[in-house]
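Engineer: Here the protein sequences come in this chain order: A and B. Under numbering that gives the first Met the number 0, the first residue of the first sequence carries the number 0, and numbering increases by one thereafter. Under numbering that gives the first Met the number 0, the first residue of the second sequence carries the number 0, and numbering increases by one thereafter.
If you are wondering where the hints come from, they were derived from the structure by calculation, not from laboratory data. Heads up, a few of these hints could be off.
Here are the simulated DSS-like cross-link-like pairs (lysine-lysine), alpha carbons at most 25 Å apart as the crow flies [said to hold, decoys possible]:
#1 A:K398 - B:K150
#2 A:K439 - B:K70
#3 A:K398 - B:K151
#4 B:K150 - A:K469
#5 A:K326 - B:K196
#6 A:K33 - A:K326
#7 A:K316 - A:K275
#8 B:K192 - A:K439
#9 A:K241 - A:K275
#10 B:K196 - B:K158
#11 B:K114 - B:K25
#12 A:K398 - A:K316
#13 A:K33 - A:K19
#14 B:K151 - B:K310
#15 A:K439 - B:K114
#16 B:K70 - B:K25
#17 B:K25 - A:K439
#18 A:K439 - B:K310
For each label pair, taking beta carbons as the anchor points, the in silico distance ranges come out as [what the hints assert, rightly or not]:
#19 A:R376 - B:A193: 43 to 49 Å
#20 A:T365 - B:P187: 57 to 63 Å
#21 B:N128 - A:T26: 39 to 45 Å
Glycine residues also receive a C-beta, built at the ideal position from the N, C-alpha and C atoms.
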Amino acid sequence: MPLMVGIVSYGSYVPFRRLKRAAIAQTLGIPAGKGERAVASFDEDSVSMAVEATRDTLRTAAGANIGALLFATTTPPYAEKLNAAIVGAAGRLPLEIRAADLTGSVRAGMSALLQAGDAARGGTTALVAMADCRLAAPEGKSEQSGGDGAAAFVVGSEGVIAEIEATASVTREYLDTWRMPGERFAHGWEERFALTQAQAPLLGKAIQNVLAHAEVAPSALTKVILDVPNPRAVDEVARAMKLEPAQLADPLALTVGQTGAAHAGLLLANVLSAAKPGDRVLVAVVADGADALLLRVTDAAAAYRQPRSVGRLIESKGDVAYASYLKWREILPTEPPRRPDPERPAGPPMFRSQTWKFGFVGSRCTACGTPQLPPQRVCVHCGARDETEPYPFADRRAKIATFTLDRLAFSLNPPTVNVVVDYDGGGRFLCEMTDCEPEKVAIGDEVEMTFRRMYTAGGVHNYFWKVRPKR
Amino acid sequence: MASNGIKDRVAIVGMGCTQFGEHWDKGPDDLLIDAAYQAYESAGIDRKDVDAYWLGTMGQLSGLTLSIPLKIPYKPVTHVENYCATGSEALRQACYAVASGAYDIAMAIGVEKLKDSGFSGLVVSDPPNDGTLGNMTAPASFSLLAPAYFKKYGLDPDKGKDVLSRIAWKNHRNGAKNPKAQFRKEVPLEQIKASPKVADPLGIMDCSGVSDGSAAAIVVRAEDAHKFTRDPIFIKALSFVAGPGEGPLAQDYDFTTFREVVASAEDAYHQAGVTDPRTQISMAEVHDCFTPTELVLYEDLGFSARGTAWKDVLDGFFDLEGSLPVNPDGGLKSFGHPIGASGLRMMYEMWLQLRGEAGPRQIKDPTLGLTHNLGGMPGRCVSFVSIVGR
């Protein structure tokens, strides 16, 4: 009997900021689309968002022995340097793991899930993180329909909440969407070509195969997730399968937008948060071929809780002006400030402080019990030297002790909010606050930690932690 | 605490100070030469008479920065730095050198040439690091004091802003009487209060000026002072504290005080035998890099009881005509803050005041003057306090 493998836990991340489609239309003088799209903040990218989703899934996968990490994105911050290693460092994954970046197509998220299933069947529990911060040219369709976001899954054989019943894939070479290294915006062939020749037929074939393999009829599917760029392809496939409208999963088009390689996973996380034992979920994505995955929700799912659901993240939001979005994505170049460019962070210091910088692990003095961060060899309270143990702070809540709004420091989203925060249980930190309204910041506000890209200098992305109001 | 003090063992017998401001036409060499020669002349000595030098500057390295432009003939020149307390650090070292007997005549000189960088505000570069240090500007880091102080002592934001603005107003009013200050115009209170925000709640008028300048002092042992001038001033106390940086690490630091200032003031008062600073200190130059700094310093230096300095400010207690004039020369705010020179510029005002040479700023019969110089940020700083007198 083959090993039963599947999803053990899941997590998701939808950025705080929303760009109303009407705001795009108003500035550009084009017809307004409905709803809004999620926009990654100026201090976010696919790696930082993947970290948020990864932390979420790990929080609900206690005791999982991760042996592989797969990071999927079409917008890797590094073209050559293992982006997955950064996600692993922030997720505090063990040293002895297999890791890979999967990129090049929005299909990569599903590819990662399928490969994770294969790894799990071989006895290796895998963590899949998928994220995208897709750049689209102003006035185009993708700018309106796109979104930024992330999802993450632990795939294994113990504590499975959604079993992988069957998978199917097709891979076909055709010209629909393409982008060369160094190009910011993707090109697209006329939509009707891919719609009629590729999307509908390839999707149909993959779905047909996966259902045949599992001997499951379309009518037995509780939810069907179809991640396709063109809604017409969804209509066609749904008609062919004779699906009821209720079976089609919300594509989050009006609330988040299409989040590239993360989208199928994000929709899946959303579906799983409302799923019941026995439900069957079909996930399919089409891009340069198609992948289909059939899941059956297990009895163990009844006891599983992911408090930070996609729905909750969607509701926690604040607007961003179109002009700000253009500046954040550096589509609109702006006058540089009269401040020096930041220096690139140095390799050896980052290597020495990895668990602090990426993992946000401070120290606790074992002589007097005082937690402190950054980790200290000499205790700030009692002066004991080298009597410490690691003390993770990333999941701890804190309150603001004092703050200021720095309008002199360079920022793509001025003013920079600087806060001193005091953690429940001890420890204090001076840092930036993000995803907030500066005028509303007050002493006593509750905050939580978030992993961000502070800046990029000398071709090196400088990642670290900020606080944000509780979401 | 084994800080024995050198009360009345060292005297300042000559001082020099350039005008502070935007000296586009002068480099650091020019400023050093100007201040040094003013000091030599003030003490009635020649360049060759000085036995040892202490040079305070953040922007340049090595004693060569002084010895080369002045063509100092093979004498010791030590470069010192301690953030914005650099100038006082140079003075402190020169004093200990002559007190020890190692040298007879020493010069402490400070200089900074900030206007060549082209940047807005102060910029400090860090050595190669892991990118987690943050890029908080100077106004932002001192601005952290304001919400904490206002909340602790029940000042609503508007009243708090009134207090801060009153401090800036006082310092500009004093600077208007000072030909060497960078800014020499009185500024109306409303204009200060409404100035564009730099680091909320601080506006541009809550911040000291970025400035070029240099200042110097000649120090000798007390018993030799009469050879140089009829009116030397005597060091009663020199204290310095570098904090352990608890502020950003420990929850019990509440951003309404500088523990380092409290410790250095306590040591200085002990060295000088001062028991009630509010009545025994005649005048003070304190580190008003930003207005909330000066507010907090009044309490840390013991001029006001905890939580009451804001009332003393509004009462005019620290005005030029008040009971304890603070920053009679205009302070960092209107004199300007060329980092390496500031500590010595503070001493320059004490020198003028104690010798009756402060002109329109003259305080009546001062006995003890205090200078306070600070570097770093609230919760993580260095603090220097000196007490001088006749």
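Engineer: Give a verdict on every hint.
Structural biologist: Comparing the hints with the structure gives:
A hinted pair counts as satisfied when its Cα atoms are at most 25 Å apart, and K398 of chain A with K150 of chain B qualifies at roughly 15 Å. Taken as a hint, the K439 of chain A and K70 of chain B pair is broken in the structure, with Cα atoms around 58 Å apart against an allowance of 25 Å. A threshold of 25 Å between alpha carbons decides the hint, and for K398 of chain A with K151 of chain B the separation of about 16 Å falls inside it, so the pair holds. Using a Cα cut-off of 25 Å, the hinted pair K150 of chain B and K469 of chain A holds, with the two alpha carbons roughly 23 Å apart.
Note on K326 of chain A and K196 of chain B: the hinted pairing holds, with a Cα-Cα distance of about 22 Å set against a maximum of 25 Å. Taken as a hint, the K33 of chain A and K326 of chain A pair is honoured in the structure, with Cα atoms around 23 Å apart against an allowance of 25 Å. Annotation: proposed proximity of K316 of chain A to K275 of chain A is violated, straight-line Cα distance about 28 Å (limit 25 Å). At roughly 21 Å between alpha-carbon atoms, K192 of chain B and K439 of chain A fall within 25 Å of each other, so this suggested pair holds.
A distance of roughly 23 Å separates the Cα atoms of K241 of chain A and K275 of chain A; the hinted pair therefore holds under the 25 Å criterion. Among the hinted pairs, K196 of chain B with K158 of chain B is consistent with the structure: their alpha-carbon atoms are about 17 Å apart, no more than 25 Å. Using a Cα cut-off of 25 Å, the hinted pair K114 of chain B and K25 of chain B holds, with the two alpha carbons roughly 10 Å apart. Among the hinted pairs, K398 of chain A with K316 of chain A is consistent with the structure: their alpha-carbon atoms are about 21 Å apart, no more than 25 Å.
Between K33 of chain A and K19 of chain A the alpha-carbon distance is near 8 Å, which keeps this suggested pair within the 25 Å criterion. For the given pair, K151 of chain B sits about 14 Å from K310 of chain B by alpha-carbon distance, which is consistent with the 25 Å threshold. With a C-alpha separation of about 36 Å, the suggested pair K439 of chain A and K114 of chain B falls outside the 25 Å cut-off, and the hint is violated. At most 25 Å may separate the alpha-carbon atoms for a hinted pair to count; K70 of chain B and K25 of chain B meet this at roughly 18 Å.
About 46 Å separates the Cα atoms of K25 of chain B and K439 of chain A, which puts this hinted pair outside 25 Å; it is violated. Only pairs whose Cα atoms come within 25 Å are accepted, and K439 of chain A paired with K310 of chain B is rejected, the gap being roughly 28 Å. Checked against the given bound of 43 to 49 Å, the beta carbons of R376 of chain A and A193 of chain B, roughly 48 Å apart, stay inside it. Take T365 of chain A and P187 of chain B: their Cβ atoms lie about 58 Å apart, and the range 57 to 63 Å holds.
For N128 of chain B paired with T26 of chain A, a C-beta distance near 40 Å keeps the hint of 39 to 45 Å intact.
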